[in-house]
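Each chain, letter by letter, is given below.
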Amino acid sequence: MNALSSTLAMPRLDLHDSASLLVSDQEAQSPARASQSAKMATENLSAWFGKNKILKEISLPIREKRVTALIGPSGCGKSTYIRCLNRLHEVIPGARMEGRVLLDGQDVYTRAMDPVALRRRVGMVFQRPNPFPTLSIRDNVLAGWKLAGMRPERPDDLVERSLRQAALWDEVKDVLNRSGTSLSGGQQQRLCIARALALEPEVLLMDEPCSALDPIATAKVEELIHQLGEKYTIVIVTHSMQQAARVSHYTAFLYLGDLVECNTTDALFTRPADRRTEDYITGRFG
Amino acid sequence: MTLKQDTNSPSVGAPESWVSRLWRSLQSLRSSLSLRKGSVVNPADRAFLWVTGILAGMVILVLGAITLQMIRTSMLSIRQFGWHFLVSKDWDPVLDAYGALPYIYGTVVSSLLALALAVPIALGIAIYLAELAPNWVRRPLGFLVELLAAIPSVIYGLWGIFVLAPWLRETVQPFLAKTLGFLPFFQGTPRGLGLMAGVLILAIMILPTIASVSRDVLEAVPSTLREGALALGATRWEMVRKAVLPSASSGILGAVILGLGRALGETMAVTMVIGNRAEISLSLFDPSYSLASVIANEYAEASGDLYLAALTELGLILFGVTVVLNIVARLLIWRVGKVPAGAGRA
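Chains A and V supply the protein sequences, listed in that same order.
Quick note: the first sequence uses our numbering, first residue 1, plus one each step.
Quick note: the second sequence uses our numbering, first residue 287, plus one each step.
Derived by calculation from the structure, the hints in this document are not laboratory data.
Heads up, the beta-carbon is just placed ideally off N, CA and C, and yes, glycines get one too.
Listed below are the simulated DSBU-like cross-link pairs for lysine-lysine, each with C-alpha atoms no more than 30 Å apart in a straight line: (1) Lys173(A) to Lys220(A); (2) Lys146(A) to Lys65(A); (3) Lys528(V) to Lys173(A); (4) Lys173(A) to Lys65(A); (5) Lys65(A) to Lys231(A); (6) Lys528(V) to Lys146(A).
If you want the footprint, here are the derived chain A segments under chain V, 3+ residues with CB under 8 Å: (7) 85-99; (8) 121-128; (9) 145-158; (10) 189-197.
Can you make the complete structure from the sequences, with help from the hints?
Here it is, written out as structure tokens:
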């Protein structure tokens, strides 16, 4: 709990403001309760590739069952940030990090936390759809289980539930045995979302999930993110400000590795506190 | 049309994957087809098409010429012995009686056993180099593996005679005879030089080929697949086994074919250690003979026309065995690899 209250104290994180602006449920009632709903948080998170410091002491809470968007120009460290959350950053040779990442108040970078177990709790969807080409659609959904050599209790139900959640079931229910890569790009991305959901993760990270999709597929995936945001804690990286505005409750603006500003999406876009945020969202650079 | 979907979203700045490479080659094939329909206006392009086409056609020409010449030279023996040549165990230049079976047996058995030994080890090396090794190990070790492939076969042969064979004779084979001697494969006099030495030498020789090509194939698997697997909570091992290897399976099979091709045709090193006796024996201790070895050993002294024709026919058989095994392996690739990409690499 100490960790959580310390994230509360971060500057520029205007909880009173945000609560009154956006959400009318329990967060509106008291800042203390709002703090309880931080599912994840980072404290002074820095990350490097070799000698390049990509992230500079980022402290950011991630609210439970809310969509948090990270925006910022290319190369600002958005992707690196969410890859630190599920410890995928450390997989890259030469990459390292410092600081703390908390999941339910527990540091995920300790020996006690197995990255494999962590990644089952913190799912991820990538920039480009990456279904396994050698697996069928059905097996792609179950991939998280199959990779670990496990079998869910009722695989067929799980497949259907996950695909329904990903709004893909009606399109693929008759072709479950076809290859995962036989689908269109947008369908593939929703398949990847279904694959992540099949593990029933607590947090879902999405790294520019629509950047490889056409506008119609993008609209579908955005609608989906919006719905999932009611049940899952979602962190989405996007370079589209419109997208952040459409799907997220909270938005954080990163610039050159710094967290410039974090607020409710409404507040950040209508009343940016920092000059750089204002410049970025009004399109003066980016 | 799975391939088409795969490439809907070409990557920007990502390392070139086999998918994009395949896609490009498909496109170039398509454009060259449209060239043939006469849509070329530019005369330089037309000339270019013809020149490269002729150069490519020369491969077929040479292959055809070799086959034809070999058939012509061995005609005498083919007429004399017919199919019996393939199943006969005789090889007697004095009586002019020739049969190829012991050589076919020696070639096929030594190559397949060498493959069975080398493939698991080579795969292990490839997986380590491509997936697990830290960067500072990766390059030097990869270089060493490739260097192994560059050692001339006569060196391997000498090593086989002076190091491997004595070791087999004095240590390995007596031990095998004692422990597994009830099996027909480990019976007889431990000689050192024999089928076992041939198999081991071949395995060592094809190991670097299979390892380095497999490593290239594994490295060509898009890293998005790896990260996808890791993000789903796979361990490294699960990621390699269930996400990377299946995508690379066709290419790895291609690497294995390359190794097999080298094993079948290897002449010098095998001749030096295999024992050179035209016998068919189940025991790995016994000497054996291979098609390539007997041709190399006896061609210079082949006096009679029939003798020469029989030797040439052995060459024809070696050629045929290689072609047949390659076709079988390609068919395997077709069946196994739902993504027939890596095969093109190999």
